[in-house]
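Asker: Here is what each chain is made of, one letter per residue.
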Amino acid sequence: MRKLLSADFSRAFKSRVFWISEFLMLLCSLLVMTMLLQTSSEITVYSGSLFLYTIAAPIVASVLVPLLIGKETANGALRNKLIVGHTKSAVYGSHLIVSSVISLLLELGFFLPYLIGVLLTSKPDHDGWMLLLKTIPCSFLIPVVFSSLFVLICLLIKNRSLSAAGCVLTAFLVFFAGMYIKIRLQEEEFITYAYWSMVNENGEEIDFQDMPESGTVTEKRTEVERKPNPNYLRGTKRKVFEFLFDFTPGGQMIQLSMLDTDRLGQKSAYSLLLFAAVTGAGILCFRKKNLE
Amino acid sequence: MEYVLQTNALCKNYGRFKALSGLSITIPKGAIYGFVGKNGAGKTTLIRLICGLQEPSSGEYRLYGRKNTDRQIAKSRRRMGAVVETPSVYPDMTAEENLRQQYRILGLPSFDGISDILRLVGLENTGKKKVKNFSLGMRQRMGIAIALAGDPDFLVLDEPANGLDPQGIVEMRELILKLNRERQITVLISSHILDELSKLATHYGFIDNGRCLKEISAEELNAACRKCLRVEVSNTGALARVLEKQGIEYKILSDISADIFAEISLSALAQALAEENAELRTAKERNESLESYYIDLIGGEKHA
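Here the protein sequences line up with chains A and B, keeping their order. Sequential numbering of the first sequence, starting at 1, is according to this note's numbering. Sequential numbering of the second sequence, starting at 1, is according to this note's numbering.
Hints in this document: simulated from the structure, not taken from any laboratory. Every residue gets a Cβ at the ideal spot worked out from N, C-alpha and C, and that includes glycine. Keep in mind that a hint or two might mislead.
[Unchecked claim] Here are some of the chain B residues that sit facing chain A, going by a computed Cβ distance under 7 angstroms:
no. : residue
1   : Gly52
2   : Leu53
3   : Gln54
4   : Arg71
5   : Arg78
6   : Ala82
7   : Val84
8   : Ser88
9   : Arg104
10  : Pro109
11  : Phe111
12  : Ile146
13  : Ala258
14  : Ile260
15  : Phe261
16  : Ile264
[To be verified] List of simulated lysine-lysine pairs, BS3-like, C-alpha gap at most 25 angstroms:
no. : chain 1 : residue 1 : chain 2 : residue 2
17  : B       : Lys67     : A       : Lys88
18  : A       : Lys288    : B       : Lys18
19  : B       : Lys227    : A       : Lys289
20  : B       : Lys199    : B       : Lys227
21  : B       : Lys75     : A       : Lys88
22  : B       : Lys29     : B       : Lys75
Please work from the sequences and hints to get the whole structure.
Answerer: Below, the structure written as structure tokens:
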């Protein structure tokens, strides 16, 4: 495995695409900070923008990982490793480690300049530092879970274009699934039907056509009916959606960008579980796969 | 005899299709083993199995004496290099970078020897040219260069002459012979270019429908394919006496037929036989090549 890691890391770090991706993440970070500074004089850790890297890094990695691994699968260079005695599990493991490290480096490409921006423009208090320390493990695990998905796709699909498309689609699908879950969970339990009317200073309802030339006219909300929202998730369905919102990387991404720091330990455990499950299934399938 | 590869009743199924059905071959150390068969006969499947790219459905093989299910099989694989179908190279790297990458995969402590390998395969002057800009022949040689990294004892080449021009084929042949003679590398070459293979191989394995039809050494094959005159006579005993007197090499095939390994005058032979009260009935010149031997073998199997 050590030999494979040495070879794979060497190839990744020599890749121009990797450095372009790192530069993109840095640029993204600078752009976000510039936009924040236009509305405020300081960049704080209490901003959902800080966690934009949990969205940006997987999306950039979805392009980068297929370029590194997918290429090797497609042009057959993967065979050179197996022919000289490396096992399929070792090849899979090496790619997984390299992809995960690459994803982490992409995150750091955003996170570190942002952190410097925070330190230069504001001094985080104790709570600020605690927030950072609490969220880092969970937020850094999200792109690693994505990496495990990308490695699985790249090593099981020989066609390079298909695997590249599969990775990008997966990244967006997971993200939009998180968005969908959030929207469904945010549905109001009741829909209130109301109408608005104009009232004069005495609180009397007046007709729009009889608007007085002087005096104060205000709007009054009159509730007519409250009906249960059919889209509101109830019972087991709601529990399933809440679980998925915590369990999936898409849901975790959204929660972090909303600065929702509840159950971070649990979410990290879910990420590790998902990572282990995807990797286990991937290694099993890759070992059985007939390579050409 | 020491064997590099031994397969025993090896089977590989893809769904219902049987790519290999009970293939058993042995490759002696130091041989250039020509693996002959038509497209789809199972040549590449066997190579994929022994390279560890796929697992056999049943049966077993031994690489340097180690069974394929042995946990230590990786140690045996470490002694081999292979080019399976197309050369496995990184197209956006130079020849030297490709070799450096393979050296890292092998865990070799230094990059010494890369220039020697490049010189050996004739790619020493490619400089910064990326492999994607190489010609097909150069890519084939690049594939062999990668296979040679790590100093293997066993080289597996799957259709190495595919797509090469006549000059490229000659260069490839010379390279394989050089590796076999100078470095004592055992070579397994799968090919259906029989004429080319006959200039290289010391042993042959003929495969059809996933089964080995025959294994034969080049010497045995040459003997079988030797130019001769096949005659039918009324009495092979009389023929033997005539040929013995003249010191001509022959082989009696049956009571009435024999092969004569010399150029002789048919009228003189007929006269000599007449003096022995025998008759020359037919005479047919036989000049069998590897190709006709293979066709006979395949045809014979089909008609059996």
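Asker: Going through the earlier hints one by one, which of them does the structure break, listed in rising order?
Answerer: 4, 10, 11, 13, 14, 15, 16 and 19
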